[in-house]
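Protein chains in written order, with the numbering used here: chain G, 1 to 437; chain B, 1 to 437.
Calculated from the structure, these hints are not laboratory results. Treat the hints with care, since some could be wrong.
Identical copies look the same in the list; a pair holds intra-copy or inter-copy alike.
[Said to hold, decoys possible] Here are the simulated lysine-lysine pairs, DSS-like style, with alpha carbons at most 30 Å apart:
(1) Lys22 <-> Lys258
(2) Lys192 <-> Lys22
(3) Lys138 <-> Lys194
Number of protein chains: 2
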Amino acid sequence: MKAVILAAGKGERLSQGKDESKPKPLIPLLGLSLLERTILSAKESGLYDFTIVVGYISEEVVKYVETNQKHLGVNIDFVENEEWEKGNGLSVLKAKKTLKEEDFVLLMCDHVFDSSILKELLGYAKNRGSKCVLCVDKPENVFDLDDATKIEIRGNKPKSIGKRIENYNAVDCGIFYCTSEMFDALENEIGKGKYELSDAVQCLIEDEKIEVLDIGGRFWCDIDTPESLEYAKRKMLDSLTKPTDGVVSEYINRRFSKRVSKRLVNTNITPTQITVMSFIMALASAAFFFLGEYKYLIMGGLLAQASSIIDGCDGEVARLKFLETDYGAFVDSILDRYADGAMILGLIFGYWMLNGGISVWIIGFFALTGSFMISYTNARFENIFEKSVKTRIPIRRDMRLFIIMIGAFFNHVLAMLLLLAILTNIEVFRRLFSMQR
Amino acid sequence: MKAVILAAGKGERLSQGKDESKPKPLIPLLGLSLLERTILSAKESGLYDFTIVVGYISEEVVKYVETNQKHLGVNIDFVENEEWEKGNGLSVLKAKKTLKEEDFVLLMCDHVFDSSILKELLGYAKNRGSKCVLCVDKPENVFDLDDATKIEIRGNKPKSIGKRIENYNAVDCGIFYCTSEMFDALENEIGKGKYELSDAVQCLIEDEKIEVLDIGGRFWCDIDTPESLEYAKRKMLDSLTKPTDGVVSEYINRRFSKRVSKRLVNTNITPTQITVMSFIMALASAAFFFLGEYKYLIMGGLLAQASSIIDGCDGEVARLKFLETDYGAFVDSILDRYADGAMILGLIFGYWMLNGGISVWIIGFFALTGSFMISYTNARFENIFEKSVKTRIPIRRDMRLFIIMIGAFFNHVLAMLLLLAILTNIEVFRRLFSMQR
């Protein structure tokens, strides 16, 4: 199936006189232009063929996309709408000649959205036979309601659409599943001199040829002003918190890692390079621990926590720039385990050098075993039961590295290792026995 | 869908005058009666409703099954065929009144088979509309060809069936997918005084109402004589070797573990109890290692290897008795890791007590990390890529415990730990980099 992306507009309000020459599709948002973001969101939903309708400064948009096409990994046809100022309905109609199949997806380059919305739309439309479907959201979820296209829905059916309608209870998200009837409606309305897409949609509504799908509160945003751009940025960064995040990760690490990621997305640094960076910081932390003395211990503790924070950035940058790979996830988890091992060995050795005795080795051995076993039981549980294990004692990696930092700050290496050994192994045995029931 | 199991015969040749009173369905094979085995194989293929046709000493069969029904976890109707001596076609027809749906699966209680055959049959039949299907095998795979029911197939179509036909190129496996046409054919033939199932099948063949499905060399066996019982036992034990088995496991451990499992299946010992037994042996091994002296080291080495062998039995018994559970697999892998940790700690401590020095601790630390990382990368690889990782350096658990035994025998603990540390960590890094390509 093909996706048609409208990228013909000027976006005057967004540039606000600053850099008028930059067309709206190329405005950057967290490391990707709005147009790239739309393409990659659709690609993540399984769409690989695109028609992009360009208009305002079209050469620049085409040139930019063609330069980046290889890394986008999709097929793109361009269509020029020289009369882009007339209205976006005309832009949709211009795409008609590039479509072989009857059905297509219609997207706006200035609407960012969670790709799960599009996945659901495709699944929904497949089960509805051939009918147009329009994604809608509740008015209270919209950033700039004044500028939104409103819809009145009665009993699951759309009744009217428009920017200025009085009675509305939903808002158009700019994500459509279209059949050829969309073109029929467009041709009809354009013949009457009505050039907006919503004119054609109103026509489809009247003929009961379009349905609505509530996106259920998932994220989307129409980027029209610098304020909405900032809003989208904030929402997207907020969404990086994962449901599996531990408490330290949620309340401390993410606050810092998001700020770092916000900057990293604007560089060419890859997620795997960030993974390696975090690993090197962990090794440096271990090296300080090896030296044993308190002043080094503090440095090591700080580096351990910093490494823990940067360890969140690889995934964040990957998600923000659509760069998630299986290999990246694999490397990340392997290097994390070696980093854990190196830090614990450093702590043991440093302590032993200053204080001697064999107890730190034995306790350290249990701390290492317990740390590994938390990660191992996570992985095995997922293997076998195909879901994530529930953690009761919050002793995942974020907490372990936090405990290491605190232990180092207070110069209590032995107690810290003992605490790690106890908490990790108790949690593993809890996981073992809780499942017996 | 319901499965009809024929369990009415006497099995004279199997008991061979020994214990004439024991009806054939109750003859034990590796810890389960033939009838239980047939029921549980079908259950593993997703069938939970059964009609069992009994005849010879029917009260005993019914009583036995009713006693065990709870642990079988299926629904069973019994039908009595008092004229069981006439022929097995009559037994099938007797089941008709217990079937609500039209289609059913027909099985023989004295045929053991790999449950994947039945899974494939069900999938195959689903795509063929309503048509009878009979599973067939090549004649060269059959243990007792003289007694087998032969089939002539020409161009994928069955042409004739019978024990005494001249030209045949396949053998009936006694596993059928039947539509109501089977009953029509049976009624027809029985009316003519022909009481055997193969008479009805011949009739279906002539009307082109039955197809054949080649089971592709998978295991099945008709148990008719003490020799065929022994043959089935041997084949089933042989099939326990897993494709993921390491070299030590394949060439040494399995030889012993199969012999142990062959005995264990006849007891009430559960797979989880065997897992715990293996774990305790590993802890005992670690305890000997802790003592350090050479004489204890030998004991520890022997116990480590013995634990490795018994570690294979839990899975073997579980597979032989249809007792595999997700929880069992989880417990097994967790206890294995702790066992590995305990043995390595024991080896380090024992060596250190006699020789002092810190090098054994550091080397042991790397050996422990490497051992964990082999198992961890196995699990993570499966998580992420949904297949098993390829091992190039054979350093999975079977080999690690074997190296520990050899190292203990030669009193070279330090060299053994160093070898483990090097091989395991090299393999982990190989896995990491080989995937980058």
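Hint by hint, here is what the structure shows:
With identical chains, the CA atoms of Lys22 and Lys258 are at most 30 Å apart within one copy only, with a shortest distance of 27 Å there and 73 Å across copies. Proximity of Lys192 to Lys22 under the C-alpha cut-off of 30 Å is found in neither arrangement, the shortest distances being 33 Å within a copy and 91 Å between copies. Taking identical chains as interchangeable, the C-alpha atoms of Lys138 and Lys194 lie at most 30 Å apart only when both belong to the same chain, with a minimum of 27 Å there against 73 Å between chains.
Hint violations for this structure: number 2 only, all remaining hints satisfied.
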